[in-house]
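Chains as they are written, first to last, in numbering that gives the first Met the number 0: chain A, 0 to 275; chain B, 0 to 333.
Derived from the structure by calculation, the hints contain no laboratory data.
Using N, Cα and C, we set each Cβ at its ideal position, and we do this for glycine too.
Please note that a few of the clues may not be correct.
The following residues of chain A were derived to be distant from chain B, with all beta-carbon distances above 12 angstroms [to be verified]:
id: 1; residue: T13
id: 2; residue: T54
id: 3; residue: L55
id: 4; residue: E56
id: 5; residue: Q62
id: 6; residue: T68
id: 7; residue: M72
id: 8; residue: K115
id: 9; residue: I165
id: 10; residue: P166
id: 11; residue: I229
id: 12; residue: A252
id: 13; residue: F260
Ranges between beta-carbon positions, derived for each pair [stated by the list, open to error]:
id: 14; chain 1: B; residue 1: T9; chain 2: A; residue 2: A197; range: 53 to 59 angstroms
id: 15; chain 1: B; residue 1: D164; chain 2: A; residue 2: I75; range: 50 to 56 angstroms
id: 16; chain 1: B; residue 1: D164; chain 2: A; residue 2: A197; range: 32 to 38 angstroms
Chain B is faced by these chain A residues, among others (derived, beta-carbon under 10 angstroms) [unchecked claim]:
id: 17; residue: L128
id: 18; residue: E168
id: 19; residue: E171
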Amino acid sequence: MARSITNNRKALNTAIAWTIGLLIFFPILWTILTSFKTEAQAIADPPIFLFFDWTLENYAVVQERSNYTRFLMNSIIIAGGSTLLGVIIAVPAAWSMAFVPSNRTKDILLWMLSTKMLPAVGVLYPIYLIFIKMGLLDSRIGLTVILMLINLPIIVWMLYTYFREIPGEILEAARMDGASLRDEILYVLTPMAIPGIASTLLLNFILAWNEAFWTLNLTAAKAAPLTAFIASYSSPEGLFYAKLSAASTMAIAPILILGWFSQKQLVRGLTFGAVK
Amino acid sequence: MGKIQLKKVTKKFGDTQVIPPLDLTIEDGEFTVFVGPSGCGKSTLLRMIAGLEDLTSGEVAIDDTDATNTPPAKRGLAMVFQSYALYPHMSVRKNIAFPLRMAKMDPAEQNRRIEAAAAALNLTDYLDRRPGQLSGGQRQRVAIGRAIVREPSAFLFDEPLSNLDAALRVGMRLEICEMHKRLQTTMIYVTHDQVEAMTMADKIVVLQAGVIEQVGSPLELYHTPRNVFVAGFIGSPKMNLITGAEAAKHNAETIGIRPEHIDVSATKGTWSGRVGVAEHLGSDTFFHIHDTGLGDMITVRAPGEVSFNTGDTIHLTPRTDQMHRFDAKGLRIA
Numbered sequence: 000m001a002r003s004i005t006n007n008r009k010a011l012n013t014a015i016a017w018t019i020g021l022l023i024f025f026p027i028l029w030t031i032l033t034s035f036k037t038e039a040q041a042i043a044d045p046p047i048f049l050f051f052d053w054t055l056e057n058y059a060v061v062q063e064r065s066n067y068t069r070f071l072m073n074s075i076i077i078a079g080g081s082t083l084l085g086v087i088i089a090v091p092a093a094w095s096m097a098f099v100p101s102n103r104t105k106d107i108l109l110w111m112l113s114t115k116m117l118p119a120v121g122v123l124y125p126i127y128l129i130f131i132k133m134g135l136l137d138s139r140i141g142l143t144v145i146l147m148l149i150n151l152p153i154i155v156w157m158l159y160t161y162f163r164e165i166p167g168e169i170l171e172a173a174r175m176d177g178a179s180l181r182d183e184i185l186y187v188l189t190p191m192a193i194p195g196i197a198s199t200l201l202l203n204f205i206l207a208w209n210e211a212f213w214t215l216n217l218t219a220a221k222a223a224p225l226t227a228f229i230a231s232y233s234s235p236e237g238l239f240y241a242k243l244s245a246a247s248t249m250a251i252a253p254i255l256i257l258g259w260f261s262q263k264q265l266v267r268g269l270t271f272g273a274v275k
Numbered sequence: 000m001g002k003i004q005l006k007k008v009t010k011k012f013g014d015t016q017v018i019p020p021l022d023l024t025i026e027d028g029e030f031t032v033f034v035g036p037s038g039c040g041k042s043t044l045l046r047m048i049a050g051l052e053d054l055t056s057g058e059v060a061i062d063d064t065d066a067t068n069t070p071p072a073k074r075g076l077a078m079v080f081q082s083y084a085l086y087p088h089m090s091v092r093k094n095i096a097f098p099l100r101m102a103k104m105d106p107a108e109q110n111r112r113i114e115a116a117a118a119a120l121n122l123t124d125y126l127d128r129r130p131g132q133l134s135g136g137q138r139q140r141v142a143i144g145r146a147i148v149r150e151p152s153a154f155l156f157d158e159p160l161s162n163l164d165a166a167l168r169v170g171m172r173l174e175i176c177e178m179h180k181r182l183q184t185t186m187i188y189v190t191h192d193q194v195e196a197m198t199m200a201d202k203i204v205v206l207q208a209g210v211i212e213q214v215g216s217p218l219e220l221y222h223t224p225r226n227v228f229v230a231g232f233i234g235s236p237k238m239n240l241i242t243g244a245e246a247a248k249h250n251a252e253t254i255g256i257r258p259e260h261i262d263v264s265a266t267k268g269t270w271s272g273r274v275g276v277a278e279h280l281g282s283d284t285f286f287h288i289h290d291t292g293l294g295d296m297i298t299v300r301a302p303g304e305v306s307f308n309t310g311d312t313i314h315l316t317p318r319t320d321q322m323h324r325f326d327a328k329g330l331r332i333a
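Chain A extracted, bound-state conformation (with noise of 0.2 angstroms):
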């Protein structure tokens, strides 16, 4: 017998979902809001939450005191350019081990991975020192290097497990049809990955956006991104929370609004192979 939810059941699960969702929103949602109050009312206790005279001073001062669209730039280029460094170093690797696994396969991915389980903080030094020898520090470059390396085992992880998806037999076809090995990563397993690929990217965005260690640790002021931006507004002068919000609302509209028109993309990437 198919289970059968009742319409009670259904409208239960309907505002549990939302409460959970509004849960998880509402610090965004608390920081939006505060970014268009005074300082006085930011603070106010007992806390207002829509009743106020809303303002855009906080962001007419925050973009006097400092240069949002420098700051935005370098987040943009930062971000971006390590997650297509990133892939384009990724595609091979995971191709080769999707298609051409070795018995240490597993070994390496596993190895990639555990990268990640050591805490940045643990080689803060010889990378800064890194940086200072080869002039690096500061610069858009060695951020996006950096940071497409932190992120690199994420994506070859995600690759690695959209690749395992595509029958191998489509790429002995495109062999046996005559394409190269570029010809058979170009025009038959890239398109075929593309939903893949694309979530892949978008994630990997994301992270890199929101990447605050070591944008925070290598850079001062050329090649600072959003990160440094918020951060410079938790200042030593005493907290001033409505300026600080309108920092960090400047600071994630762009992720946010890049992320909610491509969450069907996000959301069947991050399934894709789960359900067939």
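Given the coordinates of chain A, work out where chain B should sit on it, guided by the hints.
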């Protein structure tokens, strides 16, 4: 030209020897079928010819040129896979064009060949569809179309009809045979279905555990199987194989008699037994007969109008001139 030679080829997966040293020559224009039970190495052998599987040792020669280390893309062979292996993101036209595009052929010539192949395979109306929008039979046609446009020196088929339903399978079987008559190109066809092997082949290669049991035309295999395995494998229903005292009467370890070479009677005969299941095909009836004292159940093929009921006593007379005799090693006694 498409002469293919295997010289002392072997294949090991880890420590397991799948193909012991094996020699085989496939002449230009021949329709050769590799047949055998699953796991006999027939697909591996085909993939070694294609270049998709490396040889552990030995040599593959195509048109008398050593091709052992030539990558699949450069061997000039075309392959049709069991799963069709079409490119799901390309239209039918682009699927068929793919090998031509890889060969950087002139676009006008590409179009001419695609149109010709589509017309021959009844695909003209479907050229702009994706493989996902086609039926199984149409997908198989596309896979064949993709193979013929490049005019390969040989076609390799890896159980191409296994995923089709029975009616479609018979139709496609005929089409492939007609295609072979028309193109006169070498074809190597792998199947586990001995009916496909018998109906399509110029030459059948019967394989078991990587070893060639016999090579010959369908009728050679049917009339003079070299050993017990081939005798039991070729022919449908299977040949009756009898051991023990009855075989000893004919100075053999095993005797074989095909179901169609046994005459039935209600009154008298050499052997007698009880009718089990009767399978009525209309033209013929297959009787499965128990309690003959010959060991296994005996299968008999009788004309459709012959009628016995389950449990009836039936008398059987084998035509001794059609009997096959095998020695203790299972080899044919002349």
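message = Please list, smallest to largest, the hint numbers that this structure does not respect.
response = 9, 10, 14 and 17
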